[in-house]
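Counting along the sequence shown from 1, when you hit position 82 you're at 82 in the UniProt record's numbering, and nothing is skipped either side.
Incorrect hints may appear among the rest.
What the hints assert, rightly or not - Think about it this way: if two alpha-carbon atoms lie no more than 25 Å apart in a straight line, the pair counts; the simulated SDA-like pairs of lysine to any residue are:
#1 Lys30 / Met81
#2 Lys162 / Ser76
#3 Lys201 / Lys3
#4 Lys201 / Ser74
#5 Lys201 / Tyr239
#6 Lys3 / Lys60
Quick caveat, the hints were computed from the structure, so don't treat them as lab data.
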Amino acid sequence: MGKFIVTGSASGIGAAVCSRLEDDGEMVIKVDRHNADIVADLATATGRRAALQACLALCKDGLDGLVCCAGIGSTSPDVAMIPQVNFFGSVELLRGLKDALAARRGSAVLVSSNSAPQDTDPDYVSALLADDQEQLQVSLANISGHAAYSGSKQAIALWMRKNAPEYARSGVRLNAVAPGYTRTAMTEATENDPNYSAAIKDFLATIPLGRAGNVSEIANVIGFLLCSEASFVSGSLLYVDGGHDAMFRPNAI
C-alpha cells in the first residue's frame, strides 16, 4: 500500500483522484477546506504552512505521491485568491514535501490547464515564478479573473518544467496535466454565471471530441502518471482536453 496526498480532495478532480487511488488500494491523505483528513485553507500563507506541517507529521516514513488539485476558478469574487491557491497552494506544498517524496522515489502531479498557453500578463506570471509579492499585487490590480486564472496555470506549467530536472535527480518524478473543460462544481458555477454562460456554450461546441470531459477521465491520467508504468515520464505536461489544444495550436509542441 502506497501513501498519497491529494489537495482539493473534497470535490471535482481531487475527489475523483482520491477514489481512483483508493480503488487501487492506496492510502490517501486528503487535504481541503472541509471533509478532509487535513482541513486547511491554501489561500493563505498561514493555512499553507499548517497544511504542510500536518502532512509532514503523517509522512515521517516517506511519501509515494502528491497530487495538487486544489484550485479556484476565474469567477472568484476575490481575484487575488486565484494565484494564492492555484500556484502557491501547489508549489509551497510540493517544495515542503520534496524530501518525503524522495525518500520513496515518489511522484508528484500538478494541475495546470489547457488555458495556460493563452496570452496573459507576462509580469504577473514572472511575479509568481519569482515569488515577487510586490509585483504580484500590482499585476492583480490590472487583470481580469480569467487572466489571473490562465496566468496561474501557465506559471504552474512553467514551474514544473523548470524544476522537473532537479526533482528527477532526487528521484522524484514531477509532471502536470492540463485539463480542458471538465464538468465540476467549479465549472458549473461558471456556466451559470450570466457573464460567461453564452460564451461557455459556444466554447463547448468547439471541442473536437464533441463534449466536455468528466473528472474520472482526468483522474485516470493522473493515476497513470503516479504509477510505475510511467516510470520514465518526468517533466511532461499532458493535455487532457478532447483535442482542444491541438486544434487551437496545431503548429505548437
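Going through the hints against the structure:
1. Lys30 / Met81: holds, 21 Å
2. Lys162 / Ser76: violated, 28 Å
3. Lys201 / Lys3: The given pair, whose Cα atoms are some 40 Å apart, is violated under the 25 Å limit.
4. Lys201 / Ser74: At roughly 16 Å apart (the allowed maximum being 25 Å), Ser74 and Lys201 satisfy the hint.
5. Lys201 / Tyr239: holds, 21 Å
6. Lys3 / Lys60: At roughly 11 Å apart (the allowed maximum being 25 Å), Lys60 and Lys3 satisfy the hint.
In summary, the structure is inconsistent with hints 2, 3 from the numbered list given earlier, while agreeing with the others.
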